[in-house]
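A.B. asks: All chains, full assembly: derive it from the sequences and hints.
The numbering of the sequence shown is this note's numbering, which starts it at 327 and goes up by one.
Calculated directly from the structure, the hints in this document are not laboratory data.
Don't take every hint at face value.
Capping the alpha-carbon separation at 27 Å, the derived lysine-lysine pairs in DSSO-like fashion look like this [said to hold, decoys possible]: (1) Lys734 to Lys695; (2) Lys512 to Lys559; (3) Lys734 to Lys642; (4) Lys454 to Lys484; (5) Lys384 to Lys427; (6) Lys454 to Lys522; (7) Lys892 to Lys923; (8) Lys642 to Lys619.
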Amino acid sequence: MTSKKSTAGGSAMSLGARFQARVSAWYCARILLQTPVIGQEFDLPATSIAERIYCETKDSIDDLRVELTGNGKIYGQCKTSMSLSTKTNSEWASVLIQFYKELEKTPVTGVERRFVLFYENTNGNLEKLSKFLKRYRQLPTGSPLIDAAYNTDEENIKDLDNLLQTLHSEDAKKNNPELQNLVNSKEVLLRHTYIKQLRLGENESDYFGVVDALQYGLLTNSAQILQVIQSLKTLADDLQAERGSQDRLALRQRLQGEGVTLQDSHDYRLDFERLQEYSATELEYQESQGRAKLIIGGKQLPITRPVVEVMLEAAKTQSFLVVGGAGTGKTGCLLTLANQLRDSGERVWYWAADSLPYHSAPEIQTPLKLQHSWMGLFAEAASGAGATLIVDGLDGLRDTRAMNAYQKLFSLALHRGIKVIASIRYFDLQHSGTLREKFPALQETLSLEFRHKDLNKVNHFFIADLDDNELSEVISYFPEIQTVLDQIPQLREVIRNLFSLDLLCKLIAEGESAVQLSGISTQAELFERYWIQRVESHDRREEITEALELLIEQMVSQQTLQVVPKQKWTTDLNGDLFSTEFIRHPHSLPGRLPELKRIEFNHHLLFDYLAERLFVRSRHENLANELTRSDTWGLFLRPSLVLFHRYTWNQGRDYFWETLLDLERNSVSVLQKLPGYLVIAEEAISRDDLQPLLDGTIRNDPDNKHWKQIIQGVITAAQYSSLPRLFKSTSGDWWIELARDLIQTGNSQLINVNQPIFFSASNALETLSEPAKLLLNQAASALLQFYWSQGVPPSSFFRVPIECICRTISSDISASSNIIRKIISYDELQRAGYIQIYEIVSHIEDIWKADPVLAREVYDAVFGYNETSQSSTAMTPSQIFSLTSTRQQDYDLARHILTEKFPQFLSNHPTEATRALIRIIKHFYNRKEKEDLQLAKHPLVAKARKRLEEQILMDEDS
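C.D. replies: Take a look at the structure:
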């Protein structure tokens, strides 16, 4: 590759330019190696390390500049060899002039500059001068030059002194007026001047030195040394040609991009070792807590989920979130993933978020005693072997500031190319738009089998409860569980959740029989039994309960899940508390004494249940006031609020509704009311369960407006939490029945809140039960009738109910046909055909399957009416990037769809299709423009003719 010099020095890639490129490549190698020899050579601090190189600079000394740590700068001029001529137009004079001009520039405070002449070929005079200048720099300031000379140096010193005097002469200053202070600056100039020979030929010492250093101090695979040397040479040529610069990170990334594997630098290895050590202790601690296995008695079963294998493959190239409900096994999956990545040689940094629950990224690194910033660590790791950052349990932070700190940490890592994997509960992710944006779904999407459809814009794995195969594996290993399920079959669904399954295993291990466990059908009831077994049956139950209450109050007050208890526990009470297996000591950092004061709960779900039982439940009578305080605990205990509402739903339904209404009356924030909405959405299993919502909205009393807010919140929550799941499993009919009944009230506000139910049902229509399809048909018909009776202008809101009617026509052919016939009537086509007819023709197959005659009427009506309006219509609802069409274009699109589907209609129902074709032809001939119409070339006629010809040939062949 050729390069051009912008200053004096001749043609492209002359010998001097080639030497300059080799010097640049040599310094690039030194920057990569981070060895401190550079500073020592030029009387800079011994710890000085080359950080960045600039080539073909705009400095007075323009060949190269190397910047070092500690504010040192080396300005280099490169010559293959040079005569120490005393002539003012010589190369030597030119070098001194450049050095002097750089010296005269005002230096940045604290910056140490060195001016270096690099030469290649052996030159006795330059070697002598280099030694002389070194001796001179060691003399006290103000010493004459001659004091540094040996007898053999005197001639050279005189020549140097004469040259400087000549350059300062009047004649010389006419050409270079800036040299007028040269003599006065002579001593400073010479003390900053260095002469260094670099033997960089392929068989010379400096070349071999840097090759050895790169091979054994930088490369993981020493066989890549020739590739690295060639890359640095090419880079040096490019830097000269482009006046470029490179720092260490850019150099490492360049080599890494070329497939070169690099060692970690010495400067960062200690930090990497600390992170590795901390990760190892975190993994060991989590495993010791049984987070990845089930235990009954002396038998242990490691939990292996099929999703982990897919996660392992994705972790090679992608960052993603691990999402799931509470207790589904996210931690176990991450433990297995982290260990398998480590076993394969990957560098993994793993910890639980609540182990380092700090409020800023720098605070997170402080207890780890890291010497470098996260940005530096991530950049260094990315430029070498890479790393994967795995953070478990973001939902355990329960602190907005701490969550923001981790999001900042993830941004730094992702920006530098570090893979990030983090786990979080589904609900918490739904309410963290910033976190979702940091993990956008990639075009190469992760396995659809392990994705949640409502998170299609997020790169994630969804950890569901155990499926049949996974649960069967557990039961086959632990026959004790099968014995219990034989007596209590309703427990099977409960223990699909790993947390519930673990509770059951512990109860069985404690000797609980099927008789004692009978009647349990929910996770809450299973926990209640666990509470009775561990606390209520204990002789010191009152002391244990009080201690746990105070501990939770302290955690809520301090908004953290780790505290040093304020109350002093006796030795006996301390032992009893730990024997419940509710609490534990968090593990200590590497090198620290065991943590024996701080307390946390064994599982976030244990904290959630105990906080509901011992904190929220005792405040139920004043709940609204508690949740409207400025220092409310509502968000911190959001999972416990869900458990509380679920408890009142099951144990006191009237009280549940009174509590929800009281929250509305007191203007509690939506986020604090959401737990109640979610409980209705997830727990309602019949139309009767939802009746209080309808009753409240139709009563004429002051609470009417509050009930309307409640029903809107409930339906919105159901849209995301339960409707998709219910409709997919041919269940949830009661929600569609509620939608129908709300529409039939004729109240526009109640009618509008039904949109989520319609959208969810239409998206899952193929899996709806037959009764649900009939209810949906009735609801859609009622909604259209309401729109028409109120004179609602045509809009996209009409499309969903029309689609639902068409796709469920077989559930009530008569009523559906009446609605469709109204839509295709001449007056209605004229009024709103451009909007309404699209859904009719898009689902014409459903219509002809149920009623071929009606399908023929649709063809007749659509081609019988001619839309000519050029009024603008909106193709998209966006006001930022809006697309428009016209009424005629929209209507013609419907005709085009019917044309495309006509051959299929003709095949399935030839009689009615032929009658439709005859009617269409008559419509064409009745139009005023019939003289200009070439009927045989019309697409529909042509398609019909082709299909008939194909049928005739098939008949002849048969």
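A.B. asks: Could you run down the list of hints and mark each one as holding or not?
C.D. replies: Hints versus structure:
1. Restraint check for Lys734 and Lys695: satisfied, since their Cα atoms lie roughly 19 Å apart, inside the 27 Å limit.
2. Among the hinted pairs, Lys512 with Lys559 is inconsistent with the structure: their alpha-carbon atoms are about 37 Å apart, more than 27 Å.
3. Pair hint Lys734 plus Lys642 holds up; C-alpha atoms about 23 Å apart against a cutoff of 27 Å.
4. At most 27 Å may separate the alpha-carbon atoms for a hinted pair to count; Lys454 and Lys484 meet this at roughly 13 Å.
5. Under the criterion of a C-alpha separation no larger than 27 Å, the hint pairing Lys384 with Lys427 is consistent with the structure, at around 12 Å.
6. Between Lys454 and Lys522 the CA atoms are separated by roughly 11 Å; this keeps the pair inside 27 Å, and the hint holds.
7. Annotation: proposed proximity of Lys892 to Lys923 holds, straight-line Cα distance about 10 Å (limit 27 Å).
8. With a C-alpha separation of about 25 Å, the suggested pairing of Lys642 with Lys619 holds against the 27 Å cut-off.
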